[in-house]
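These protein sequence lines are chains A and B, in that order. Plus 503 on top of the position in the first sequence (first one is 1) and you've got our numbering. Plus 34 on top of the position in the second sequence (first one is 1) and you've got our numbering.
Please keep in mind that the hints were generated in silico from the structure rather than gathered at the bench. The reader is advised that the hints may include incorrect statements.
[Stated by the list, open to error] Derived Cβ-Cβ restraints for the label pairs, each shown as a range:
| no. | chain 1 | residue 1 | chain 2 | residue 2 | range |
| --- | --- | --- | --- | --- | --- |
| 1 | B | Gln522 | A | Glu573 | 51 to 61 Å |
| 2 | B | Ser491 | A | Pro576 | 23 to 33 Å |
| 3 | B | Glu294 | A | Pro576 | 34 to 44 Å |
| 4 | A | Glu573 | B | Asn159 | 56 to 66 Å |
| 5 | B | Arg620 | A | Ile575 | 50 to 60 Å |
| 6 | B | Ser491 | A | Thr539 | 55 to 65 Å |
| 7 | B | Glu492 | A | Arg538 | 19 to 29 Å |
[What the hints assert, rightly or not] With a Cα cut of at most 25 Å, we get these calculated SDA-like pairs of lysine to any residue:
| no. | chain 1 | residue 1 | chain 2 | residue 2 |
| --- | --- | --- | --- | --- |
| 8 | B | Lys534 | A | Gln535 |
| 9 | B | Lys534 | A | Arg515 |
| 10 | B | Lys520 | B | Ala575 |
| 11 | B | Lys536 | A | Met564 |
| 12 | B | Lys369 | A | Glu510 |
| 13 | A | Lys580 | A | Gln511 |
| 14 | A | Lys567 | B | Thr288 |
| 15 | A | Lys567 | B | Ile356 |
| 16 | A | Lys567 | B | Leu600 |
| 17 | A | Lys580 | B | Ala172 |
| 18 | A | Lys567 | B | Ala575 |
| 19 | A | Lys567 | B | Ala178 |
| 20 | B | Lys580 | B | Glu308 |
| 21 | A | Lys580 | B | Pro361 |
| 22 | B | Lys534 | A | Leu533 |
| 23 | B | Lys369 | A | Arg519 |
| 24 | B | Lys369 | A | Asn557 |
| 25 | B | Lys369 | A | Glu544 |
| 26 | B | Lys347 | A | Met564 |
| 27 | A | Lys567 | B | Asn372 |
| 28 | A | Lys567 | B | Pro139 |
| 29 | A | Lys567 | B | Arg39 |
| 30 | B | Lys534 | A | Gln530 |
| 31 | B | Lys332 | B | Glu492 |
| 32 | A | Lys567 | B | Asn357 |
| 33 | B | Lys534 | A | Lys567 |
| 34 | A | Lys567 | B | Ala172 |
| 35 | A | Lys567 | B | Lys358 |
| 36 | A | Lys567 | B | Phe140 |
| 37 | B | Lys369 | A | Pro555 |
| 38 | B | Lys315 | A | Glu544 |
| 39 | B | Lys369 | A | Arg509 |
| 40 | B | Lys589 | A | Arg531 |
Cβ coordinates follow ideal geometry from the N, Cα and C atoms, glycine included.
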Amino acid sequence: MELFTREQERIRWRSRRGLLEMDLILQRFLAQHLRTLSEPEIRAYDALLQLPDNDFLDFAMGRKTPEKAELIPVLEKIRQS
Amino acid sequence: MALPRQIFDTVIVGGGGSGLRAALQLAEAGNHVAVFSKVFPTRSHTVAAQGGIGASLGNMQEDHWLWHMYDTIKGSDYLGDQDAIEFMCRKAAEVVYELEHFGMPFDRNPDGTIYQRPFGGHSQNFGQRPVQRACAAADRTGHAMLHTLYQRNVRAHCQFFVEWMVLDLIRDYEGVVVGIVALEMETGQPMIFQAKSTILATGGAGRIYQSSTNAFINTGDGLGIAARAGIPLEDMEFWQFHPTGVAGAGVLITEAVRGEGGILLNSKGERFMERYAPTMKDLASRDVVSRAMDKEIKEGRGAGPEKDYVLLKLDHLGTEVINKRLPGILEIALKFANVDPTRDPIPVVPTCHYQMGGIPTNYYGQVVAPRGSSGSNEVVPGLYAIGECACVSVHGANRLGTNSLLDLLVFGKSAGDHVREWLKGNPQHRDLPQDAADRSLERLARLDNAESGENISEVAAAMRRTVQHHAGVFRTGKLLAEGVTKIQQVAERARNTAIKDKSRVFNTARIEALELENLVIVAEATLVAAEARTESRGAQAREDFKDRDDKNWLKHSLWYLEGSRLDYKPVNLQPLTVESFEPKVRVY
Numbered sequence: 504m505e506l507f508t509r510e511q512e513r514i515r516w517r518s519r520r521g522l523l524e525m526d527l528i529l530q531r532f533l534a535q536h537l538r539t540l541s542e543p544e545i546r547a548y549d550a551l552l553q554l555p556d557n558d559f560l561d562f563a564m565g566r567k568t569p570e571k572a573e574l575i576p577v578l579e580k581i582r583q584s
Numbered sequence: 035m036a037l038p039r040q041i042f043d044t045v046i047v048g049g050g051g052s053g054l055r056a057a058l059q060l061a062e063a064g065n066h067v068a069v070f071s072k073v074f075p076t077r078s079h080t081v082a083a084q085g086g087i088g089a090s091l092g093n094m095q096e097d098h099w100l101w102h103m104y105d106t107i108k109g110s111d112y113l114g115d116q117d118a119i120e121f122m123c124r125k126a127a128e129v130v131y132e133l134e135h136f137g138m139p140f141d142r143n144p145d146g147t148i149y150q151r152p153f154g155g156h157s158q159n160f161g162q163r164p165v166q167r168a169c170a171a172a173d174r175t176g177h178a179m180l181h182t183l184y185q186r187n188v189r190a191h192c193q194f195f196v197e198w199m200v201l202d203l204i205r206d207y208e209g210v211v212v213g214i215v216a217l218e219m220e221t222g223q224p225m226i227f228q229a230k231s232t233i234l235a236t237g238g239a240g241r242i243y244q245s246s247t248n249a250f251i252n253t254g255d256g257l258g259i260a261a262r263a264g265i266p267l268e269d270m271e272f273w274q275f276h277p278t279g280v281a282g283a284g285v286l287i288t289e290a291v292r293g294e295g296g297i298l299l300n301s302k303g304e305r306f307m308e309r310y311a312p313t314m315k316d317l318a319s320r321d322v323v324s325r326a327m328d329k330e331i332k333e334g335r336g337a338g339p340e341k342d343y344v345l346l347k348l349d350h351l352g353t354e355v356i357n358k359r360l361p362g363i364l365e366i367a368l369k370f371a372n373v374d375p376t377r378d379p380i381p382v383v384p385t386c387h388y389q390m391g392g393i394p395t396n397y398y399g400q401v402v403a404p405r406g407s408s409g410s411n412e413v414v415p416g417l418y419a420i421g422e423c424a425c426v427s428v429h430g431a432n433r434l435g436t437n438s439l440l441d442l443l444v445f446g447k448s449a450g451d452h453v454r455e456w457l458k459g460n461p462q463h464r465d466l467p468q469d470a471a472d473r474s475l476e477r478l479a480r481l482d483n484a485e486s487g488e489n490i491s492e493v494a495a496a497m498r499r500t501v502q503h504h505a506g507v508f509r510t511g512k513l514l515a516e517g518v519t520k521i522q523q524v525a526e527r528a529r530n531t532a533i534k535d536k537s538r539v540f541n542t543a544r545i546e547a548l549e550l551e552n553l554v555i556v557a558e559a560t561l562v563a564a565e566a567r568t569e570s571r572g573a574q575a576r577e578d579f580k581d582r583d584d585k586n587w588l589k590h591s592l593w594y595l596e597g598s599r600l601d602y603k604p605v606n607l608q609p610l611t612v613e614s615f616e617p618k619v620r621v622y
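Sequences and hints are given; from them, build the entire structure.
Printed below as a string of structure tokens:
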């Protein structure tokens, strides 16, 4: 039996970052939400994972807001995790 | 089993600052280079470096590489090798100007020269007065450096293997390194990469500590790889700590908090720094504050249910001061300590930040190890190590601020240059030995076949607790000896781990099991070397041996995985062109 889907595993690995702060934030987010993310949320999260760590941290800490509206819902979950 | 194989001139393990700098030197010379990284290169831990790059450009006040050299040697508590330190400080300006030429967005002076900021320990004229020596790009120096170097490497057609985990070195029957075995995470497929030269650039192993500023990827893979190949690890007892990391998280609380009037309290609500440093109190130097905090915890006066942290109180400063002078602290405390610092104190512990020791090298980046007679420096042909995973040794027993990024640039470039020469003299690939991939395949087979065994995250937690408690800032012979026994038990458990997920595709459990093997090697090296060194020097502070002992301990430790054995080699006190800096009592 698959413990996680391979897609979830891939997301888990790509959530390993260069900044400790991001590791901690994303670890909490994944613990709460990984198994229940919708398709659009996974796509939005993938886009966030493409960001440089410092920019992602600014978004996750609420210091800045991304221009792309489709990123906001999953970013809200990250901020509140 | 025959594994698929690819062939390169040079393989570089690690895509952070030093790996990218070395890759660039080779790729721009037309060499066929492959860089392996567990994560996308611009998300390497170099991204976390904020302080700057130390170089005596003299843009602000008069400065000289010899003064930088003095500061570095004094900072190292005389354990740094003076040939390598002279080499680094003399090359500093050149590598900074090269980076500027590559497009690095340095902060500027009005006249267009690179702005240099002040930094602790940087002095003019051998400690007389402070000098501004740190070249930075706002608070994103490491980030800017990674992006600059990565773009340039792409242009030079360097080949990247992203999301690959390197497992082991391949050494032939004469001990020459002839390549690596690496695992592609996407497929779970191990492969052989045959190369004329191999560069380890995997960064530090700060994740051996429970409280660490290091990102999760910093698992000391290069150190594990080297140790398994019979290469010793040098000076692993020396780890740099920062006094105030958020307990349980590791995120740093800036020293500015104490500068603005924040104070440290133990579980009794006592302002304990008054006892340790009656004049400077909470503003005493980093090592004094860290040691006092750890001593309070070890003597049972820590706060919290486990009595394992102290409290940083700043609510008395008032919300207005906190918001105005310490922006960012409020959000860090809320996010990572779950505490509102305008009302409640922040739980903090001394937190591991930087690894001074590593794979022994000379200043060309060549890995050196004794062969036969003790204390000799014999080159391991075909193998290089650079950056935090290497021990050149320019940091000795303690690193001077801003020398980490400088180290990456200078020795990344130097290794690249040396490999170019090596390739000219060694134009052919050597044959792979019959057993090239055996060790790696055995490691993978063990994980694939184990039906039951130790849980990875439990063993990892036991390792981090042991290292934090027994090899923290406050060290005694008894604590360390107990720690050695405990870490050897942990190492035994790590040899008997099992994972439930046996899939090959993106199996993160398997990767974490392999990382744990590397971490545990580093943890054991740290405890064994620290226990043996019966003196206090730089970052190693022994409560039972409070003084530096140059008569017996002005030497580098070398730890071997086989038999967990220690050896030593002398410190190189002879610079390249100038007079030696003789050890003196270190006073700031």
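ask   = Which earlier hints turn out false for this structure, listed by number in ascending order?
value = 6, 11, 12, 16, 17, 18, 29, 33, 38, 39 and 40
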